[in-house]
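Colleague: Heads up: the sequence lines are chains F and C, in that order.
Quick note: the first sequence uses this note's numbering, first residue 1, plus one each step.
Quick note: the second sequence uses this note's numbering, first residue 1, plus one each step.
Read the hints as simulated data drawn from the structure, not as lab findings.
All values reported here derive from a predicted model rather than from experimental measurement.
Please note: incorrect hints may appear among the correct ones.
Said to hold, decoys possible - Example chain F residues on the side facing chain C (calculated, C-beta under 7 Å, incomplete):
#: 1; residue: A33
#: 2; residue: A62
#: 3; residue: D63
#: 4; residue: Q131
#: 5; residue: V136
#: 6; residue: R174
#: 7; residue: G264
#: 8; residue: L277
As the list claims (entries may be wrong) - Cβ pair distances, simulated, as ranges:
#: 9; chain 1: C; residue 1: A21; chain 2: F; residue 2: G61; range: 39 to 47 Å
#: 10; chain 1: C; residue 1: D57; chain 2: F; residue 2: P79; range: 41 to 49 Å
#: 11; chain 1: C; residue 1: L29; chain 2: F; residue 2: R204; range: 32 to 40 Å
#: 12; chain 1: F; residue 1: S159; chain 2: C; residue 2: W157; range: 34 to 42 Å
Ideal Cβ placement from N, Cα and C applies to all residues, glycine included.
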Amino acid sequence: MAILAGDPPIVRPRTASRGRAMARAARRAPLAAIVILGGLTLVAIFADVLAPYDPTMPVQGADMFDPPVWMEGGKWSAPLGTDFQGRDILSRLIHGARVSLIVGIMGTLVAGGIGTALGILAGYVGGWMDQVIMRVTDAWLALPALVFAIFLAAMIGPSMWNIIIILGAVYWTRYARVVRGEVLTLREREFVKLAEIAGASRWRVIKRHILPNVMNTATVLASLTVGVVIIAEASLSFLGVGVPPPQPAWGLMLSEARPTLMAGQWWLTVFPGSCILLIVLATQLFGDWLRVKLDPQLRNL
Amino acid sequence: MGRFILRRVLYSVVTLLILSATIFLIVRLTGDPVALLAEASATQEDLDRVRRQWGLDRSWPAQYVTFLKNALIGELGKSFNYRLPVSELYFQRLPNSLTLGLAATLISLLIGIPAGIVSAVKVNTWWDSAAKGVALLGLSIPGFWLGLVLILVFSVWLRWLPTSGAGDWRHIVMPALALGWYFAASMLRLTRSSMLEVLGSEYIKLARLKGLPDVVVIAVHAFKNALIPVFTLAGVNLVVMVNAAVIIEVIFAWPGIGRLLYEGIFQRDFPLVQGVVIMAGFMIVGINLVVDVLYAFIDPRIRLTR
């Protein structure tokens, strides 16, 4: 592509209409998603204050498998019932929000960091660097993400921080592809060419001109990755290669509920699963809204 | 065309080489399998003997070359635990995974295509919003949790369906639904966008101008072309489902390759794990190659752009 004189600027200038545009965007913001995500974040931060009991210890005076309070035999001491060790479900759900959010956000940051860095390198440096990075990306994409994650988790061993690294190492490929594509067009734009002619170093061009212009895309991808990472963490924990017991992770709670599922203790399965559903639904809604707002090109993704 | 195919095949081979080397390295970097293979009372000499016996005393590059040579003739090594060739175990289980994958594909098509068409034909109406809601739920409900809830409803409460194992059609309903649900959402989205694109094209406008009734325009003229990408995705999804159904197969005790992988991981049976994971990569690289070549065949422009 030749240098076009009439290229429109990508980063929108700050003008007076920006305030009005933001107000319009705020009106269309997905209120339900923001309320759910905000609420869960607060719950995760203040889990120690909010949870009535220690999530890893049995409740004094409660039995195992107490049903929720509105059912026969339910007690107010454990409003959502107790699990196979007599631990309070509500407290475990509250602390589980912390695990899910930390893994979801940190895993996404790791994936986004790796993918964006590699995508910029491949797209801007080009040549053999591009070939090597893109062939590795292809190889990574050839395995179903969850199979790859289960494999890595089983090999490296379970802990919350290992899971974050593993999920980051599995889910970076999409960022690398999309960001590379974007950098390939940015590289030909006038302001990048001018910066290069003016003698700016590669590093400076990347930092000042490339990175700011791919941030929107990376943010949209991140908002859509969080939910995927949260489900992946729950799946790993469910299979016994994720967050190790006695930590209160939602996937782990589902796994612990499985042996007694046939006995009809539905609350052990329904509550943690609904929490996962709720948080992923909220991130998806928020991500969709962000996508339309920040990057119309990604609408079909 | 010949050059295009050659280049795509070459890319696929490179992809598989990188993939297999990665898997090979990770397996060997993370623990000593011989210690797990031998009995607790084994002496150092016993361990060395076992190591020699399985060829694990050689250097990694040497082991990798042997591994590649064997893989080329379809031999993936010998399982530690079953003392059988991995390929034999794999192909014993593959038909079960294929059955489950086909059933799940069928479900994803049955949900995704009608909902996608309705949502495209009645775009921006109540129907469209409902379909979007279904797609959103498809992406947000974890498949394995859906499986657990299905067990709760249909096995525990209603006592209609068996909880686990393989047998007649009743065994496959729940695992196929739990597996196909997520993919139904992607079918729906693709059918919708593909249908919208076709409905906006010139030949559809012409068909409408000729005065053909809506039903004919949609069912005969638009449907056929809009479904090409949808069936392509269904084919790719089938291969992914066959390989990625680990958690569903574990929940429903379905004797497929996902469960084989799961068992292999917990028995630290690394030839088995390595074999199953590499086969997954092989199948997915293969289907992508097939799709690329087919599309280049249909649409000559693709040959030039890549």
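Colleague: Any hints this thing doesn't respect? Which numbers, in order?
Modeller: Structure breaks hints 1, 2, 3, 4, 6, 9, 10.
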